[in-house]
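> Those protein sequence lines, which keep their order, are chains A and B.
Just so we're aligned, residue 1 is where the first sequence starts under my numbering, counting upward by one.
Just so we're aligned, residue 258 is where the second sequence starts under my numbering, counting upward by one.
Any given hint could turn out to be false.
Pairs of lysine to aspartate or glutamate residues, derived as DMTMM-like cross-links and limited to a Cα-Cα distance of at most 25 angstroms, are as follows [claimed, not checked]:
{"id": "1", "chain 1": "B", "residue 1": "Lys351", "chain 2": "B", "residue 2": "Glu962"}
{"id": "2", "chain 1": "A", "residue 1": "Lys175", "chain 2": "B", "residue 2": "Glu638"}
{"id": "3", "chain 1": "A", "residue 1": "Lys175", "chain 2": "A", "residue 2": "Asp144"}
{"id": "4", "chain 1": "B", "residue 1": "Lys612", "chain 2": "A", "residue 2": "Asp240"}
{"id": "5", "chain 1": "B", "residue 1": "Lys907", "chain 2": "B", "residue 2": "Asp859"}
{"id": "6", "chain 1": "B", "residue 1": "Lys612", "chain 2": "A", "residue 2": "Glu153"}
{"id": "7", "chain 1": "B", "residue 1": "Lys380", "chain 2": "B", "residue 2": "Glu458"}
{"id": "8", "chain 1": "B", "residue 1": "Lys325", "chain 2": "B", "residue 2": "Glu370"}
{"id": "9", "chain 1": "B", "residue 1": "Lys685", "chain 2": "B", "residue 2": "Glu849"}
{"id": "10", "chain 1": "A", "residue 1": "Lys175", "chain 2": "B", "residue 2": "Glu637"}
{"id": "11", "chain 1": "B", "residue 1": "Lys612", "chain 2": "A", "residue 2": "Asp239"}
{"id": "12", "chain 1": "B", "residue 1": "Lys784", "chain 2": "B", "residue 2": "Glu710"}
{"id": "13", "chain 1": "B", "residue 1": "Lys538", "chain 2": "B", "residue 2": "Asp567"}
{"id": "14", "chain 1": "B", "residue 1": "Lys875", "chain 2": "B", "residue 2": "Glu715"}
{"id": "15", "chain 1": "B", "residue 1": "Lys907", "chain 2": "B", "residue 2": "Asp576"}
{"id": "16", "chain 1": "B", "residue 1": "Lys685", "chain 2": "B", "residue 2": "Asp647"}
{"id": "17", "chain 1": "B", "residue 1": "Lys897", "chain 2": "B", "residue 2": "Asp840"}
{"id": "18", "chain 1": "B", "residue 1": "Lys612", "chain 2": "A", "residue 2": "Glu173"}
{"id": "19", "chain 1": "B", "residue 1": "Lys871", "chain 2": "B", "residue 2": "Glu849"}
{"id": "20", "chain 1": "B", "residue 1": "Lys612", "chain 2": "A", "residue 2": "Asp144"}
{"id": "21", "chain 1": "B", "residue 1": "Lys880", "chain 2": "B", "residue 2": "Asp567"}
Here are some, though not all, of the chain A residues that point toward chain B, as calculated from beta-carbon distances under 7 angstroms [claimed, not checked]:
{"id": "22", "residue": "Glu31"}
{"id": "23", "residue": "Gly32"}
{"id": "24", "residue": "Arg63"}
{"id": "25", "residue": "Ser66"}
{"id": "26", "residue": "Leu84"}
{"id": "27", "residue": "Ala85"}
{"id": "28", "residue": "Pro87"}
{"id": "29", "residue": "Leu106"}
{"id": "30", "residue": "Arg110"}
{"id": "31", "residue": "Leu114"}
{"id": "32", "residue": "Asp240"}
{"id": "33", "residue": "Leu247"}
Derived CB-CB ranges, DEER-like [unchecked claim]:
{"id": "34", "chain 1": "A", "residue 1": "Pro81", "chain 2": "B", "residue 2": "Ala668", "range": "35 to 43 angstroms"}
{"id": "35", "chain 1": "B", "residue 1": "Pro783", "chain 2": "A", "residue 2": "Pro149", "range": "35 to 43 angstroms"}
{"id": "36", "chain 1": "A", "residue 1": "Ile148", "chain 2": "B", "residue 2": "Gly705", "range": "48 to 56 angstroms"}
The hints are simulated quantities; they were obtained by calculation from the structure and are not laboratory data.
Keep in mind the model is a prediction, meaning the values are calculated, not measured.
All C-beta atoms in this analysis are idealised placements derived from N, C-alpha and C, irrespective of residue type, glycine included.
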Amino acid sequence: MRARVSSVLLVLVAVLLVALVPRPSRAFGEEGAFNPRILLTGTARWEGARTTGPARWSEELTRRTSAPARLSPTTVRADAPALLAEPFAIWGGEDDVPALTEREVLGIRRFLALGGVLFVDDFAPESGTFGKAARRELARVLPDGAPIPIGTENVLFRSFYLLRRAVGRVEGEPKLEAILRGGVPQVIFAKHDVLGALARAANGTHPFVVVPNGEPQREQAARLAVNVAMFVLCSNYKDDQVHAPFLMRRRASEPSP
Amino acid sequence: MTTSLAPSGDLAPSFQLLAALLTVLGIVLLAVELRRSRGSRIAAFATGSLASIGLLCAVLRPVAIQSKGSLVGPRVVVLADASRSIDLPGPAGKTRREEAARALGELAKHGAEVRLYGLAFGKGAPAPLTGALASGAAEGAAQGGAEGRLGQALLAARPMPRSDLAGAIESVARAADERPAAIVVISDGRLDRPGEAQAGEAIRAALGTLTVPVHAVSVATEAPRDASVRAVRAAGAAVAHQPLTLRVEIGCAGGLDCDEIPVSLRELRESGEPTVLASGKANASSGSATLELEVTLDRAGARILEVSIDAPDGDAVPDNDTRYMTIDVARDRVRVLHVAGRPTYDVRALRMWLKADASVDVVAFFILRTPTDDVVAPSEELALIPFPVDELFSEHLPSFDAVVLQDFNAAPYGLAKHLRSLSRYVDKGGGLIMVGGPDAFVPGNYAGTPLAEVLPVELDRGADAEGADVASFVPRTTEAGRAAPVLGPLRDLIGEQWPEMPGANVVGDARPGATVLLEHPTRRTPKGGPMPILALGEHGSGRTIALAIDGSHRLLFSAFAANAAGRAHGAFWDAMLGWLMRDPRFEPAVVELADGCIAGEDTTLTLRPLPGQKGDAKITIRKLGTGEEARALSARLDGKGEPLSLDAGKLQPGGYSATVEIVPSEAGAATSDGAASAQRGPTTRRDFACERGGDEWADTRPDPERLAAIAAATGGKSVTVDQIGSLPLPAATQIAAERRVSPLLPPWAWTLGAAMLVGAHWIVRRRGGLS
Chain A
1 MRARVSSVLL VLVAVLLVAL VPRPSRAFGE EGAFNPRILL TGTARWEGAR TTGPARWSEE
61 LTRRTSAPAR LSPTTVRADA PALLAEPFAI WGGEDDVPAL TEREVLGIRR FLALGGVLFV
121 DDFAPESGTF GKAARRELAR VLPDGAPIPI GTENVLFRSF YLLRRAVGRV EGEPKLEAIL
181 RGGVPQVIFA KHDVLGALAR AANGTHPFVV VPNGEPQREQ AARLAVNVAM FVLCSNYKDD
241 QVHAPFLMRR RASEPSP
Chain B
258 MTTSLAPSGD LAPSFQLLAA LLTVLGIVLL AVELRRSRGS RIAAFATGSL ASIGLLCAVL
318 RPVAIQSKGS LVGPRVVVLA DASRSIDLPG PAGKTRREEA ARALGELAKH GAEVRLYGLA
378 FGKGAPAPLT GALASGAAEG AAQGGAEGRL GQALLAARPM PRSDLAGAIE SVARAADERP
438 AAIVVISDGR LDRPGEAQAG EAIRAALGTL TVPVHAVSVA TEAPRDASVR AVRAAGAAVA
498 HQPLTLRVEI GCAGGLDCDE IPVSLRELRE SGEPTVLASG KANASSGSAT LELEVTLDRA
558 GARILEVSID APDGDAVPDN DTRYMTIDVA RDRVRVLHVA GRPTYDVRAL RMWLKADASV
618 DVVAFFILRT PTDDVVAPSE ELALIPFPVD ELFSEHLPSF DAVVLQDFNA APYGLAKHLR
678 SLSRYVDKGG GLIMVGGPDA FVPGNYAGTP LAEVLPVELD RGADAEGADV ASFVPRTTEA
738 GRAAPVLGPL RDLIGEQWPE MPGANVVGDA RPGATVLLEH PTRRTPKGGP MPILALGEHG
798 SGRTIALAID GSHRLLFSAF AANAAGRAHG AFWDAMLGWL MRDPRFEPAV VELADGCIAG
858 EDTTLTLRPL PGQKGDAKIT IRKLGTGEEA RALSARLDGK GEPLSLDAGK LQPGGYSATV
918 EIVPSEAGAA TSDGAASAQR GPTTRRDFAC ERGGDEWADT RPDPERLAAI AAATGGKSVT
978 VDQIGSLPLP AATQIAAERR VSPLLPPWAW TLGAAMLVGA HWIVRRRGGL S
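Take the sequences, apply the hints, and build the full model.
As C-alpha cells, this is what we get:
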C-alpha cells in the first residue's frame, strides 16, 4: 500500500514538474509559419484522401520558398477561439453544408474582420454543390461582399510564380473568384479542388488523378498553392512599385496562353 | 503764496458778464443822450459813467484770492534699449550701452523739472530701470542722486535677445498708471519692431489713443568695420530628401574690402566633424550680398546648420562671422526600408500596417527564395527579382528615414559588408529597428559587427553564444515602459498585459543610455538583470529599436488581439516608428530654449514634462561633435506637468544636444534590487546651438534714420546724446494746495458808494438842465 502511495505521489510530482517547465509549444520562429488549417463547420470531420493535402501544401512551400510552414497542419472549428490564432484557413468540401450557426457566423466574421484570409476549395467542382453552399453561407458572414473573378492581373497570380491561370485537380475556369477588401483578396473561391491535386499518400502515390493534363497540371496546382501561401504571408508585396517594371517585362516575354 | 483779484466771489461768470454788458449799455445810452442835449455834457458823462461802474461793483462785489501751491514736473517715460545690440561698439571707443548710460545722465540733467521713469526695453513688456523719480524745482538735489542710478541700472541690465520698441510703447500706452506727457527712446535704432519701413506709422499705431511726442536719442551713428552673416532664410519649408534653397545675406560695413567673401554651410553632427553641405563666395562690396545655397537634408527633425564667412582683415566684430540655424526638417512621407529574411505572419502584419499608413512610403524587400530552395521552375516563370543589397545599402540608404531589419540574416545576402555604412547611417540621424526571429540579432550574425554597436542591447559575440530561447513567455512591462508615452497608445488598448510569445532572441544587457520598455520575466543577462525584450536607444544623431521577439503580430491576429479589434498592433508600431522619427507625441518631455542660447551668457532651458510624470528628470547637455558633457542638470517632477526652468549656465559657442531622462519615482526605489536594465527611464532629446552674437549682432549698423522717422511721426525730436539739451521736454505745472477768498469791501460799502455816485450824477444832470 505504501509503495502504491509513493508511486502515485511520484507521478503527481512528475506531472507537476512537467507543468512547471516552460512550454515549447512551437519552436521560436515557427510562430509566424504558414499553417494551412482546415476550417470545420457544423458536424463536419476532416477525413478522407485529401487529409494529406495541407501537409503537402506546407511541404511544397518550404521546399520551394524561404517561407516557414507548419508541416503538420491542424484543423480548427469555425466557432472556436483558435480560429483567431492565425490568419489563414481552408474551407473545403464536396457536398452541401448545413447552415452556419450564429456562433460560426460570428467566428468567421471576426476572423475576416481581423484580416484573415479564407481559401474556399470546392472538392467536387463538377457538381459545384459545395461551392454554391459556401457562397450562400459566406453571404451571411459578409453581407456586403460579393465574389468577383480575379485573374492574372491580381497579385495572387504573381506572388511567387507567374501563373497564367488557376488549376487544381480539374482544369476548371482560368480565373479564381474572390471577395476583396481594400482591393486585396480576402475570401478566395477555387472551383478546382486544389487540395485534391496536392493530396499524396504515404507511399508517394496520388490518390486523385489530375485531369485533363496530368502531372504538369498537378505541378501548376502546387504552384497555385504556393502563390496562395505567399500571398497570405506577404500580402500584396508583389504589387510594390519596385517589382512592377520587372514583372511587366517578364509577362511581356511570356508566350500567349 | 500768491494773491490775485477776482470780479466776484459768488456770481457765476455768465452773470458777471451780463452785469458788465448792462453797465456798458448804460454808458453808451448816456453818451447818446448827452450828444443830443446842450449844456455841461462832460461832467454829466463822467458822473454817469462812475455811477454805472459803482452799480456794477455793488452787484459783483470784487474779492481777493490768496493761494498756496507747488510746481510738479510732468511724467516722461524713458525707454532705454537693453537688447544685445546695445553692447556693440559705439562712438569714441565706447560701447553703445555706455553711451546710452551717458544719455540717461544727460537727460536727467536736462529734464530736472520732469519726472523721469526709466524702462529697459527688449523682449516683452519693458522692465523698470529703477523706481519713478520724483523731481521738481524743489527736489533738484534728489534728482542729482538719481541720475547715476538710471545709468548704472542700464549698465547692469541683462542683454535681451530682441529689441521690440513697438511692444514696449504699446505696453506704456496701455498701462493703467499715470499717462506720460512724453516718451524718450534711447537706442541705436537697430530694432526688431518697428521694422525699417514705415517705422513712424507703426509707433503711432502702438501709441493708440496716447497722443504724446516720442523723442529719440541715437547712441550711435557710425557703423563699425564689420562683415557679418546678417540672415539665413529658407526658401520654403524644409522637407527631408528634397532640395532646399537657403538665402544667406552677407553684410559689409565700415569700409571693409568685401569683394569676395568665402561662405560655407555645414551641418553639425552628433559626433565627428560637421558635414559640408554647400559653399560659395559673396561680393558684398556694395554693403550687402545675398548668396543662394542649395542643400538636401536627409534626416527629418531639428538639424543644426552652421553658416560661416571668412571675414576680411580689419573685421571689428568677429562674433557674427558664424551663425547657427536650427532648421526643423519635416517629412513629406516617412520613407521606410523594410527588409525581411523570410515571409512570416509577423512580416505580413508589419507590412500590412506599413502599407495601410498613408504617411509611410515603404520600400520592401523580402527574401522569398534561398539558394537551397528548389523552385521547380525556370527563372522566367518566377515573379522574383534579385535582392539589390549593394544598391540599397550604399546608393539609396540615405534616402530612407528608417530601416527595418526583420528576421534577416546579414551573412548570406551580402549585407555584412554594408553594416558599417548602416551604422554610420544611424549615426547621421537614420532610424533602425531590428525585429526578432531565428535570423535576427545573434543568429543573424550581427554580434561583433559595427551595427551591433548602434543597437540598444549588447550581443554575445562568443562562438557558443545562444541565439534564441524557445520557451514561451509573456513579456513584462518595465517601470520605464509604464511611464513612456511611446507605449501609451498600446497601454490604452491592452493595458500592460502582453500576449504570450513563443520565444525570444537572446540578447545582452541594455547599452548605456538605452531604455528598456519590455523585459523577459525570467531570463537574465550576463550582468544579472532581466533580459531586454524591447529596448530603445540613441546613437549619434539617430535612434534604434531592438525588439527581440517575432510575435508582435499577435497584437493584430489572435484571440488576445480580438479584444482590441486588432488595433493594438497598429498602435504599437505607430508609436515605434513615431518615436524613431522623434514624433513629439511619443517624447517623454519637451525641452525648449525660449530665449535661445547666447554663448557666454546664462542659458535657461524650459522642461515641459507630461502631466502625471513623477520622478526625477536628468538633463545632460553634450557638445555636438565631441560628445563632451557640458552640463548635468536635474529636476524633480511632481506630476502636475508644470514647465520647469533650468539654469544651464554659460555655454561656449557651438551645437549641443540636451538629453532628458525621466526616471519614474517607482524606478528609483527599484534601484536597490539590482534591476539594472529597468532603471533608466524614457528619454528625449533636443539639439540646439549657442551663438556668440545672435540675431542682435547680425547687423551692426546703427539706424538713426529709423529713430528720426519715429520722432517725426509723433511730433517728437531726434537728437544725438550731445544734443539732449535741445529736447523740448514738457514744462512743469503748478498744483494748488490751499486757497482763501476775501472781499475787498463789505457789501454795504459797495452799495453806499454806488448810491453816492448815482446821487452826484443826479445833481449834475439837474444843474445841466437834464431831466
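> Indicate, hint by hint, whether the structure satisfies it.
Okay, the hints, checked on the actual structure:
Of the pairs offered as hints, the one joining Lys351 (chain B) and Glu962 (chain B) holds, with about 21 angstroms between alpha carbons and a cut-off of 25 angstroms not exceeded. Simply put, Lys175 (chain A) and Glu638 (chain B) have alpha-carbon atoms about 18 angstroms apart, close enough for the 25 angstroms limit, and the pair holds. In summary, the hint linking Lys175 (chain A) to Asp144 (chain A) is supported, as the alpha carbons are separated by about 22 angstroms, within the 25 angstroms threshold. Pair hint Lys612 (chain B) plus Asp240 (chain A) holds up; C-alpha atoms about 10 angstroms apart against a cutoff of 25 angstroms.
Distance hint between Lys907 (chain B) and Asp859 (chain B) is fulfilled; the C-alpha atoms sit about 5 angstroms from each other, no more than 25 angstroms. This hinted pair checks out: Lys612 (chain B) and Glu153 (chain A) have alpha carbons roughly 20 angstroms apart, not beyond 25 angstroms. Our distance criterion of 25 angstroms between C-alpha atoms is met by Lys380 (chain B) and Glu458 (chain B), whose separation comes to about 21 angstroms. A threshold of 25 angstroms between alpha carbons decides the hint, and for Lys325 (chain B) with Glu370 (chain B) the separation of about 19 angstroms falls inside it, so the pair holds.
Distance check on the hinted pair: Lys685 (chain B) and Glu849 (chain B) sit about 23 angstroms apart at the alpha-carbon level, within 25 angstroms; holds. With a C-alpha separation of about 21 angstroms, the suggested pair Lys175 (chain A) and Glu637 (chain B) falls inside the 25 angstroms cut-off, and the hint holds. Distance restraint check for Lys612 (chain B) and Asp239 (chain A): the Cα-Cα separation of roughly 11 angstroms lies within the 25 angstroms cut-off, and the hinted pair is therefore satisfied. Distance hint between Lys784 (chain B) and Glu710 (chain B) is fulfilled; the C-alpha atoms sit about 18 angstroms from each other, no more than 25 angstroms.
Distance restraint check for Lys538 (chain B) and Asp567 (chain B): the Cα-Cα separation of roughly 10 angstroms lies within the 25 angstroms cut-off, and the hinted pair is therefore satisfied. At roughly 24 angstroms between alpha-carbon atoms, Lys875 (chain B) and Glu715 (chain B) fall within 25 angstroms of each other, so this suggested pair holds. Note on Lys907 (chain B) and Asp576 (chain B): the hinted pairing holds, with a Cα-Cα distance of about 16 angstroms set against a maximum of 25 angstroms. With a C-alpha separation of about 19 angstroms, the suggested pair Lys685 (chain B) and Asp647 (chain B) falls inside the 25 angstroms cut-off, and the hint holds.
At roughly 22 angstroms between alpha-carbon atoms, Lys897 (chain B) and Asp840 (chain B) fall within 25 angstroms of each other, so this suggested pair holds. With a CA separation close to 32 angstroms, the supplied pair Lys612 (chain B) and Glu173 (chain A) exceeds the 25 angstroms bound. Taking the CA atoms of Lys871 (chain B) and Glu849 (chain B), the gap is about 20 angstroms. The hint holds against a cut of 25 angstroms. A C-alpha spacing of about 24 angstroms is found between Lys612 (chain B) and Asp144 (chain A), which places the hinted pair at or below 25 angstroms, so the restraint holds.
The suggested pairing of Lys880 (chain B) with Asp567 (chain B) holds, with an alpha-carbon distance near 24 angstroms, which does not exceed 25 angstroms. With a cut of 7 angstroms, the hint placing Glu31 (chain A) at the interface with chain B holds, because the nearest CB-to-CB distance is about 4 angstroms. Among the interface hints, the one on Gly32 (chain A) holds; its C-beta lies about 3 angstroms from the nearest C-beta in chain B, closer than the 7 angstroms criterion. Using the Cβ-Cβ criterion of 7 angstroms, the hint placing Arg63 (chain A) at the interface with chain B is satisfied: the shortest such distance is roughly 6 angstroms.
A least Cβ separation of about 4 angstroms between Ser66 (chain A) and chain B falls short of the 7 angstroms threshold, and the interface hint therefore holds. Interface restraint check for Leu84 (chain A): the shortest CB-CB distance to chain B comes to about 5 angstroms, inside 7 angstroms, so the restraint holds. A cut of 7 angstroms between beta carbons decides the hint on Ala85 (chain A): the least distance to chain B is about 6 angstroms, and the hint holds. For Pro87 (chain A), the interface hint holds, since its Cβ comes within 7 angstroms of a Cβ in chain B; the closest pair sits about 5 angstroms apart.
Of the supplied interface hints, the one on Leu106 (chain A) is violated, with its beta-carbon coming no nearer than about 11 angstroms to a beta-carbon of chain B, more than 7 angstroms. Checking Arg110 (chain A) against chain B by beta carbon gives a least distance of about 6 angstroms; that is within 7 angstroms, so the hint holds. Annotation: Leu114 (chain A) was flagged as interfacial toward chain B, and the flag holds, the nearest CB pair being 5 angstroms apart, inside 7 angstroms. Satisfaction of the interface hint for Asp240 (chain A) is found here, the shortest Cβ-Cβ separation to chain B being roughly 6 angstroms, below the 7 angstroms cut-off.
The closest approach between the C-beta of Leu247 (chain A) and any C-beta of chain B is roughly 6 angstroms, which is under the 7 angstroms cut-off, so the hint is satisfied. Under the hint 35 to 43 angstroms, the C-beta atoms of Pro81 (chain A) and Ala668 (chain B), about 40 angstroms apart, fit the expected range. Taking the beta carbon of each, Pro783 (chain B) and Pro149 (chain A) are about 59 angstroms apart, not inside 35 to 43 angstroms as hinted. Range check, Ile148 (chain A) to Gly705 (chain B): Cβ separation about 53 angstroms, and the 48 to 56 angstroms hint holds.
In terms of the numbered hints stated before, the structure departs from hints 18, 29, 35, listed from lowest to highest.
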